[in-house]
Structures are given as structure tokens and as C-alpha cells.
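Each chain, letter by letter, is given below.
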Amino acid sequence: MAVRMSNSKTTYRIALAGNPNCGKTTLFNALTGTRQHVGNYAGVTVERKTGTFRAGGLEVTAVDLPGVYSLSSSSPEEKVAFQELMDSPVDLIVNVCDAANLQRNLYLTTQLAELGIPYILVLNMFDDAERNGFAFDIPKLESFFGTVVVRTVGTTERGVAELTETIGKVLDGRLRLRPPCFRYNPLVDEAIGAVAEQVASAPGASELGFPARYFAIKLIEGDQATCALPALRSVAAGLGPLRDRLAARTGMSADTLMADTRYGMIAGACREVISISASSRRQLSDRLDKVMTSPVFGLPIFLGIMFAVFAFTFVCGEPLCQLVEMVFGGLGLVVSRVWPETCLPWLRELVIGGVIPGVGGVLTFLPNILLLFLAIAFLEGTGYMNRAAFVMDGFMHRFGLHGKSFIPMLLGFGCTVPAIMATRTIESRRDRLTTILILPLVSCGARFPIYALFIPAFFAARYRALVLWVIYVIGLAFALLFARLLKSTLFRGEEEVFVMELPPYRMPTAKGIAIDLGERAVMYLHKAGTVILAASVILFLVNSYPKTAGLPEEGLARLRELERTVASRPDDQEARRRLEELRAAQAVAQSRATLGGRIGGALSRALVFAGFENRRGEPDWKASSAIVGAFAAKELFVSQLTILYAQDRPRYVEAMRHVEGEDDDGWMRAALADNYTPLSGFCMMLFCLIAMPCIGTVVVVWRETGSLRLTVAQVAGLTLTAYVTATVVYQLGKLLSLGTA
Amino acid sequence: MEKPKLSSSLEDYLEAIAELVESEGHAHTKDIAARLHFSMSSVTNALQNLAARGLIEYLPNAPVVLTPEGAERAAVIRNRHLAMRVFFTNVLRLDEDEANDTACRMEHIVSEKVMARFVFLAEAITNRSDCASLRAHLEQMMPRLCPSDEVALSPLSELPEGEQAIVVKVSDNLRGKKRFADLGLVPGTLVKMEGHAPFGNLLRVKVMFSSLSLRSEDAANILVRLAEA
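First to last, the protein sequences are chains A and B. Position one of the first sequence corresponds to residue 196 (the working numbering), numbered consecutively onward. Position one of the second sequence corresponds to residue 1063 (the working numbering), numbered consecutively onward.
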């Protein structure tokens, strides 16, 4: 007896294959639980998920192939799925189908069957199909497709145990499956047979791993990836006449002939296997769509949902963010008390000033990111995301963007880093790159602290909302303008084919969302978090070194004398005040001498035209060096500025004491209002909005685009735009005496 | 001696002159212009050209007369046309208008050699007794191929909301044809128009049991016929 699997083998590889939205991932989660690993396929941004589980005493590694409609090479997912099966042979394919849409799902099945690998046909979401009045003749289906059928419900894990058992049975040879050789029609079968013979006799073809028949079909279809295989190139080159002959005789070009033939055969099979008793096919979903995507209600519903997502993210996230800040603030205090100043002072300073705030800075974003992705994962799980793309496409398309670009842009309001990662859903590379390049212009949450500090400092309460709105709108306007520009220059070319499935509405599972969320958190902490941490530490060093005395010799002598005076006479208020003043002056001189201060000083000479100018009309090195800080993370602009104005703090705290309704940042606002004109403040915000994205964004852009040149071009382009825009606004404003009071 | 090639429009002139002479007895410039829907000036130009080649005698204020050589050329052209028309009507079973039209377009691009062989084939199929079963087969099958002109086809993009239709033909102009085919948009599939996006040009179409959204430019390349409810 020929047993395919040798009994000595202890670990097996299986692949889960199926259409998008067939519940494959839910089933994968049910099979493997948390024993999963998420990675990326080299060169493309398609996720590669693997997991392990035990089936009948066997150790099984499962690969969750990306959801595909076909094994061609018309999308990155399809290329990847086929490559995976080619490169690392699997012992078994688990073909997951949406039982309520079997006809379409079986199209992929016919292709998988032709790979000659045993496969199990899973009718997933079986409960849904039954509710919709479908009845299946399972034995007939099994014999027709040469497989064993397992009925499952991924969300409730019904049938999963049976599936595991069946997998075990097939792998250890107790159940033998023989994928069938489908008969299509005489004309096509004859052509396939003739080409298959050529393939079989081609040198090197026997090492390709799949039956010659499979490649014969792909060659007839003119599949690019198959025709490019070195072993088949010569066969492919000689197929022109055959393809022409087929086209002439069927009145259909050879590339779609097979699709037509397969669907024809499946339609015949389905007539025998499926009976539909009720006509209530997924009526609820259809009825929902009538409203959700309707020309009248579609947009308001979409905007409402998006508002809810944001309210959820930020309202629920706020206390958590504060908690994180509190914990790390407290941690810094504790460490500074426990760690004596004399013991390794440089390391102490690094830990308290650089590492702890750095880690805190990374983690403060985590609650928002998690909540945002919770909402996104929920919407994605329900199937609404594709509707959102459908509703928004008309608008986005005008700017050369894809309907799906809207989702990353929306995420961009939260944080640019996950937004850039979310562009993976856009299939077209040009659309995707365009979206990535403009995303930093969508004002992210980290830029909000800047506006929150600046706007109340310079604008009366009734204008504040308006100014904030203007800032966001300017960002969006630039984003859309650049998208348009990029699509008509750098990414010009024929528009990509757009076709998108709107899967039936479903309730996502908590498990699926939890796993998704875990992955996002790890991804953020690993990919962005580490870089932000490193950058904050480097920034701390840049802003602290080189260390200088800050005062000339006599100044230092004066400082020591005052310290002695205060120590001996604690109630001498005059001496205490003068000591504080001297220390503040020392701090200013010290920070000006650091690398950051020097860079800021140099920058300020150029930035003075763009509004980085104090009320005395001098180039402002403080705000300029805060820009250097903003490169690590946009919100660091605020903390950097706070440090640089720290020496004036007592003065402004005093001034603000009698002003009611001001929070802890009150003194900082007073300092800003005292040092800059409203016009300056506005231009600074404008510059922060447009100028180079934070280091986290830059790194993610680099990783996602895979192009250093594009990344550098983006940074340079944005910074230049920011400079030009702020300069134009500032100079015009000055000319018209707007906001210069 | 190789005869100098004539452009297809000059061939049309020769044909028209020969037909006029046959039906009216003479061919006046203005009749030629009327027959071919050309202006008088371009007709004059063409006639001068033909006269220069020695195919007609062309004198002002006199009917055009074919030279012996011109008459021979015209006969060849008319013969070709006739052979094609017969082939299209008898063998391919096209209707009169379509046969005539297609013959008009094809006759100019086919060489003498191909034409001779083509006429021979057509006559063999029509006349030879050992081709009887072939004739019967063609007679039966030809009308069934592409019967598209019997039912009114409309592009999928113009299907009214809520209506069902069956895909009949997917034009080769459709970009990414294979992707649409993979999703089930092949001839014979039942589709239903579900709606339009709020703005822009996206359509929502039910194909089998799933909703697909596609651009109406693309949907315009998919021809459907209305399905009876």
C-alpha cells in the first residue's frame, strides 16, 4: 500500500487556504490558539501567519495563507500564496469555504485540487448557510471533489474538534485522499492534455513539485508567474498558436477561458450538491447595506461611526494615558531619591532624564493605539471597513487616492505610525505609496499637545476652536493637494483595476480581536517603540552634552558665595531670590552650549523668516532647538520648550497666580505669550504640522516602502514645504500687521 | 507585368463607375459623388488620378468612360466583393446588410492570391457533394454562435437598481479582465444591481452570493441581458 506520509515523520506542515472573508483566520485562531507567529513575506507587506497545534498525537505547523480568490499572480496576496506552496511543500491543504457562498469559493478549490496535494474541504459558517436555507449533499460533494468535507462554525468553534481529528487522520495515513482530475469540456481537456505532455517532457519540470497538468492550465491562461518559471519558459513561448486556436474556437480569450470553464463546471456541480429551500438569503445583510451604503444615509452614517471611533479612542484613552504618565513620573522621582547623586552621576542622569521619560513616552501612546485598533479591528471584523471604502471612494478618487486610503488617513489623526502600517490593505503599490507619502500631513495626536499649549496662549477663547480647525484643515488640504500632485507626476500611470468585495455583515469574535490587538501592541512596541526610546535617549544626550559651567569664573564664585549665604541664613529672601536668578541664567547658558542648543541656534537663523522670532525681533534659538527635539516625537516640542523656559518659570508662575481656570501649563502659556506674537505662534504650529515627521514615522515609512530614497525625499519635501508655507504666512502676516500685537 | 496597386478609395471609385455604367448606361461626375457621398472636388481629384493611370477616360463635361484595362480591373474588384458576400451569407449565415458591409471592408485588404484561393474554398463548400454534411453542420451551428444581436444587450453599468441580469459577454477592453473572471464575472453568471455609492462612480453588484463593488467604467465593458424574474 502506498502511504504518502511516512510514519517516522513527527511534524507536519499544513496550509489554510481560502477566499478573503471566508472566516479562515477565525478558524486558524480556533486551531492554534495563541501559539502563533506573525511575520512578513520578504519584499511585500503581506502578513505571514504560522501557528502550531496537535492533531491526533501529531505536531502540526499551520500556515495561514493570505485570503485569495485564485492562485494566479494578479495581486501580491495571490503571488505570495502560490510562492509559499511552491517553496515549502505542505502535507495537506485545509481549504476553508464560506458555506453560504460555496459556488464562488469552490473556484479556488478547483485550483487547489489540481496541485495534487491532499486537501480537506471545510464548509465554514455552516450555521449561517443553514439559516439561509442551503442544504448540501455532502457525500456527493466529497466524491465530486475527491475530498473529505468538514462542517464548522469558526466563531463558536463548532466542528473544530472534528476538523483537528480529520487533519490527524489524513496526516497519519488513516484517511487517504486523492485529489481528482477534473473534466471540463473536450476542447479544453484536449488542450490541457497536449500542453501537459510538453510540460512533463520539459527539462527540469519534474522538480517543480506540482503535476504537469496544473502548470499546463496556468500556461494556457498565460499566468505571468508560471510563464516566467525557467523550466517552462520554452513551453510557454510556443503556446501562442494554441491559445489563438482556443480563442478562435470558443470566442473567448485564452486568459479568461479557464475561469469561464471552471465556473461552468462548478455551476453544474452546485446544481446537484446544493439545494436552496428558503429565498431569505442573507437578507439582513442586504437590507443593512441598503441603508449603510445608500447615497443618502451612507455618508452621515460613516461620519457618525468615525466620530464614535474617535470619541472612544480619546475619551477612554485619556485616563489610561494619564495613568501611564503618573506611573513614570513617580518612578523618576523614586529613582532620583533612592539613587544617591554621587554614585555614577552620568548614568543616574541618563536613566532619570533619558530612559525613564523615554519609556514613558513610548507607553503613553499605547492606550490610544490599542483603543484605536480595537475599534478598527471591530469594524474590520464586522465588514464595515470595506463599506467605508465604498462610501468614501468617490471623494478620495478625485484626489487620485483609493477608497481604502481613507482608513489609514483616518488612523493618521491618531498616530501616523499605525496609519502607515494600515496602508497594507491597499493593493495597488502606487496608491499605497501615495497614501504613505501624504500621511504625515494628517495632523496626528502627538501634535495635539502643541496646539493645546499654543492656541490658548495666543488666541481668545472664542477663536480657539476655529484656529484648531484651520490647522487640521490646512494639513488635510496639503495632503490631498500632494496626493493629486504625486499621482500626476511621480506615480503617474494607468489607473489600477478596482474591484472589492463587500462581505456580509458579521459579529467579530472577541478572541480574534484580542489576538489582533496583541499583535498590534507588539508591533508598535517592537517596531516603533524601540526606535522612539533610542531616539529619546539620543535626544537627551544631544540636549545635555557637551556640559559646560555655564557661567564665567567670577559668576561661579558668586554662585558658591550665594549658596553659602542661603545655607547659613535660610530666611534671607533677597539672597534666595538672587541665587535662583543666577542658577536660571546658568541653566540657559548651559543648554545653549549643548549640541541641541547649537543646532537650534544655527537653525534659528533660517527659521527666523518662518516665524521663529521673538518679540524683540531676534532669531529665537529656544523654539528652534525645540524643533530639533520634535524630530524624536512631535509632542517633545512642548516638553523641550518647557525645559528651555524653566528658568523663567518662577516669574511666570507668579504672574499667573491670580488668573483663574489655568492649569499647570499656565505659566508656559504666559511665557509664550510674553515672548512671541500670535502670528509667530501660528507659524510655529504650522511648521510643526507640515515639517519633517517624527523619527518613528520616518523609520516606519522606510520599512514599509523599502526605499530609503523615497523616505529621504519625503522628509526633505515636507520640511521644505513647511518652511516655505510658514515663511509665506509669516511675512504676509507681518506685512498686513495680522496678529503682531 | 505587376499591376500598380490602387488605394482602397480608388478601388471604390472604379467599382462605382462600373456599377453606374451598368445600371444607368453612363457615369457622370455628380452621380459618382452622390453614390460615394464624397464632395465634387475630391471626386474630380480621384478621377484625374484614375485617368492618369489609364484606367478611365475623363474629359470635362462628358460622362466618365472606362478604358479596357479599367473595365478589367473593375470586374476583378466586383468579383471579389461578390464572392465575399456570397461566402458571408451562404456559409457564415450573416444577414444581407452585415455581409455586404463586411465584404466592402475586407475586399481592399485581401491580395489577389488569397482572394483566388478564398473564392475556391467558398465554391467548394457551397457546391461539392462531399461537403454536404459540412454544409448541414454549418447551417445548424452558425446562427448559434454569438446570437447576441437577437436579444438586446446592455452594459452592466446601466442596469437599473434591483434588476437581475445574466452576463453575456465581457469585452476585451476590460482592464484586469482575469481578476473579474476570478471573482465570477464570466458569461452565464447571474448578477444583480444593488446600488451606487454616494458620490463618484462605484457600483455595488451582487455576483453569486457576494456583493462586489466596481467602477462603472469597468462595468460598462460587461454586457448583460436582463433576466426574467
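Just so you know, these hints were derived from the structure itself, not from any lab. All C-beta atoms, glycine included, are put in the ideal place defined by N, C-alpha and C. Among the hints, erroneous ones may be present.
Restraint ranges, calculated between C-beta atoms of paired labels, are given here [what the hints assert, rightly or not]:
| id | chain 1 | residue 1 | chain 2 | residue 2 | range |
| --- | --- | --- | --- | --- | --- |
| 1 | A | A443 | B | L1098 | 30 to 36 Å |
| 2 | B | L1144 | A | E385 | 37 to 43 Å |
| 3 | A | K335 | B | G1224 | 47 to 53 Å |
| 4 | A | W664 | B | G1224 | 21 to 27 Å |
Below 30 Å or equal to it, Euclidean Cα-Cα: the simulated DSS-like pairs (lysine-lysine) are [unchecked claim]:
| id | chain 1 | residue 1 | chain 2 | residue 2 |
| --- | --- | --- | --- | --- |
| 5 | A | K274 | A | K682 |
| 6 | A | K485 | B | K1092 |
| 7 | A | K335 | B | K1268 |
| 8 | B | K1268 | A | K485 |
| 9 | B | K1254 | B | K1231 |
| 10 | A | K244 | A | K742 |
| 11 | B | K1268 | B | K1254 |
| 12 | A | K364 | A | K682 |
| 13 | A | K274 | A | K244 |
| 14 | A | K485 | B | K1175 |
| 15 | A | K335 | A | K244 |
| 16 | B | K1268 | B | K1231 |
| 17 | A | K364 | A | K335 |
| 18 | A | K274 | B | K1268 |
| 19 | A | K274 | B | K1092 |
Covered stretches of chain A, as calculated for chain B (at least 3 residues, CB under 8 Å) [claimed, not checked]:
| id | stretch |
| --- | --- |
| 20 | 332 to 346 |
| 21 | 420 to 430 |
| 22 | 482 to 490 |
| 23 | 580 to 588 |
Between K485(A) and K1175(B), does the CA-CA distance stay at or below 30 Å?
63 Å, violated
K364(A) and K335(A) were given as a pair; does the straight-line alpha-carbon distance stay at or below 30 Å?
Holds, at about 21 Å.
Mind checking, does the stretch 580 to 588 of chain A have 3 or more residues with a CB under 8 Å from chain B?
holds (count 4)
Range hint 21 to 27 Å: satisfied by the CB atoms of W664(A) and G1224(B)?
41 Å, violated
Hinted pair K485(A) and K1092(B), Cα distance within 30 Å
Roughly 64 Å between the alpha carbons, so the hint for K485(A) and K1092(B) is violated.
8 Å C-beta criterion, at least three residues: is the stretch 332 to 346 of chain A covered by chain B
This one is violated; 0 residues, fewer than the three required, reach chain B with a Cβ under 8 Å.
Quick check: do three or more residues in the stretch 482 to 490 of chain A have a beta carbon closer than 8 Å to a beta carbon of chain B?
As far as the stretch 482 to 490 of chain A goes, the hint holds, because 5 residues have Cβ atoms under 8 Å from chain B.
With respect to the beta-carbon atoms only, verify the hint that L1144(B) and E385(A) lie 37 to 43 Å apart.
38 Å, holds
Are the Cα atoms of K274(A) and K1092(B) separated by 30 Å or less?
66 Å, violated
Proposed proximity, K485(A) with K1268(B) (alpha carbon, max 30 Å):
12 Å, holds
Would you check the hint for K1268(B) and K1231(B), treating anything up to 30 Å between C-alpha atoms as holding?
Holds, because 17 Å separates the two Cα atoms, which is no more than 30 Å.
Restraint check for K274(A) with K244(A), where alpha carbons must lie at most 30 Å apart:
It holds: about 16 Å lies between the C-alpha atoms, which stays within 30 Å.
Of the numbered hints given earlier, the model fails hints 3, 4, 6, 10, 12, 14, 15, 19, 20, 21; all others are met.
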